[in-house]
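Enquirer: First to last, the sequence lines map onto chains A and B.
1 is the number of the first residue of the first sequence in this note's numbering; add one for each residue after it.
1 is the number of the first residue of the second sequence in this note's numbering; add one for each residue after it.
If you are wondering where the hints come from, they were derived from the structure by calculation, not from laboratory data.
Only a predicted model underlies this, so the values are computations on that prediction, with no experimental measurement involved.
Just so it is clear, CB atoms sit at the ideal spot from N, CA and C, and this is done for glycine as well.
Any given hint could be a false lead.
[Claimed, not checked] Here are the computed distance ranges between Cβ atoms for each label pair:
#1 B:F106 x A:E164: 56 to 64 Å
#2 A:E81 x B:E203: 31 to 39 Å
#3 B:T172 x A:P79: 21 to 29 Å
#4 A:Q13 x B:D142: 18 to 26 Å
#5 A:Q13 x B:R168: 39 to 47 Å
#6 B:L237 x A:E164: 37 to 45 Å
#7 A:T23 x B:E245: 42 to 50 Å
#8 B:V63 x A:R158: 52 to 60 Å
#9 A:P79 x B:W238: 32 to 40 Å
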Amino acid sequence: MFGTYEPPFKLSQEGIEIRCEPTEEGFLYKRKVHAEEKEILILSRKVNFLLNPIEPVNLPKKITHFLYIDLQKTVVLGPSEKAKFYIKFPVEVSVFVSKKKGQWDSIDTFSLCNQKFTLYGEITSGHLCKYYSSPVYGEPPEVLPLIEGVMAVEAVNRTGEWAEINTLVFNAYHMKVYYDNELVSMDAYVEIESEMVAETTFRERALRKGMQKSLELYVSKKIPVFTEKFVMEWGY
Amino acid sequence: MFGKPLYGDVTIVHIFIATGVAFLSLLISKIINLNLRRRLKDRIDRPKLNLLTKAVSYGLYTVALLIILPLVGFNLSGIAVAGGITGLVVGFASQKVVSNLISGIFLMVERPVKVGQQINVEGVAGTVEDISIISTIIRTYDGLYIRVPNEKVFTSNITNYVANVVRRFEYTVGIRYSDDAAKAIEVIKGLIESEPFALKRPEPQVFVDSLGDNSVNIVVRVWAPATDWYPLKMALLWKIKTALEAEGIEIPFPQRVVWFANPLERGQ
């Protein structure tokens with residue numbers, strides 16, 4: 001389902017139905033996911049469509065740019081050790097339109113996953129996050145790409161103590177999402193700095209060859225001195 | 001004619017220039033503020049934008065005043081030196097205004113409330129529309145315009161409903177004594193779990209709080225985002241009632257059990 005399309009077109013997969021039909025004025029975009037329907041009239045004749053997975057923090061409402069993954073199993077790292085494991089994350093698909101090459105605007109976003117929010121940190125100063133619970137795998141698991149993606153996590157314990165990882169929090173502004181027709185992936189890097197503090201970031205790396213990088217909805221300004229890391233200061 | 005002084009050294013030309021400067025400062029301030037609001041509305045949040053436009057306006061007015069006063073014959077250094085009794089009189093007469101002014105400055109510095117936030121000050125509840133140098137404007141939930149002097153805002157207890165990221169709301173749901181409370185709690189918890197805006201953490205609390213006269217009272221406490229809690233609160237209670245009834249658990253009417261001292265004679 002991911003990729004570029006010239007209208008008119010019709011897609012149907014995993015309970016998602018998308019149609020783009022010509023009208024007198026332009027095109028009528030219709031999307032149906034389970035019971036939820038959306039229609040948009042596009043008053044332009046020369047448009048292209050792009051469907052790609054985006055940072056999964058937009059639904060059901062854009063109120064946060066953080067993703068909180070609750071690990072269903074605790075990951076334990078020895079002092080000064082590093083390890084790699086795999087977790088799942090929810091996939092959100094955005095539909096972009098473009099009249100000019102390279103200039104895409106999102107008109108619709110949908111997901112097949114249940115939506116939930118949570119608080120990470122203190123009530124007065126914490127972060128509201130999109131919540132997801134994931135099992136932990138030693139190898140990349142099988143997933144349905146329209147529902148879940150696979151995140152490779154390389155964790156490094158910079159402390160002299162054993163570290164237990166139960167949750168990971170990521171900033172959407174640092175996310176790099178890659179996709180092909182069978183997989184959506186991200187590559188994360190976690191540094192355990194102390195008993196309560198860890199830093200998370202992402203690498204610009206696909207999980208396998210041939211994957212394309214998604215359009216980013218959350219683009220951070222690259223400011224010298226400030227690194228693109230999120231500091232988890234209330235535990236992990 | 002134009003060179004003839006009206007009073008002191010002030011000529012009609014000076015008056016025209018002073019009027020022109022005043023008018024120009026108002027115009028420039030409006031144009032700059034309009035452009036700032038248009039360009040920055042999507043880039044910075046409303047409280048900061050408000051503060052920026054006010055700083056620009058007051059800055060321009062101050063500069064204009066410093067230009068106008070010498071033109072119309074006020075010697076600023078003279079005023080500073082000869083403050084004395086005049087200053088005392090003016091001070092006493094305008095102490096409330098000055099108090100509001102100082103309170104306004106402290107409010108802008110301390111920022112216990114920001115434009116756009118929902119607050120309650122001395123029984124006035126609503127959304128902060130504007131914080132100016134003398135007063136704070138609140139739009140009540142009924143759409144009424146209420147102007148609260150800054151001194152009152154600054155010295156009162158302020159309840160800010162959205163200062164924190166999340167907040168909690170609570171229901172009390174009564175079920176019959178004959179119903180299974182554990183089952184009711186399970187149903188309610190399942191319903192809360194399916195609501196996106198009912199936060200996973202802090203965890204919701206659902207427990208039997210009291211054994212009332214008419215019902216077993218279950219307290220339901222849910223945390224939600226401070227900006228999106230009210231729609232959830234409006235919708236969730238009825239969903240709880242419907243879900244409980246679907247499981248055969250009823251919310252009872254007020255009732256009494258009557259015990260008779262002697263057995264009742266049955267009618268013939």
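Enquirer: Kindly indicate which numbered hints from before are broken by the structure, ordering the numbers from low to high.
Expert: Structure breaks hints 1, 3, 4, 9.
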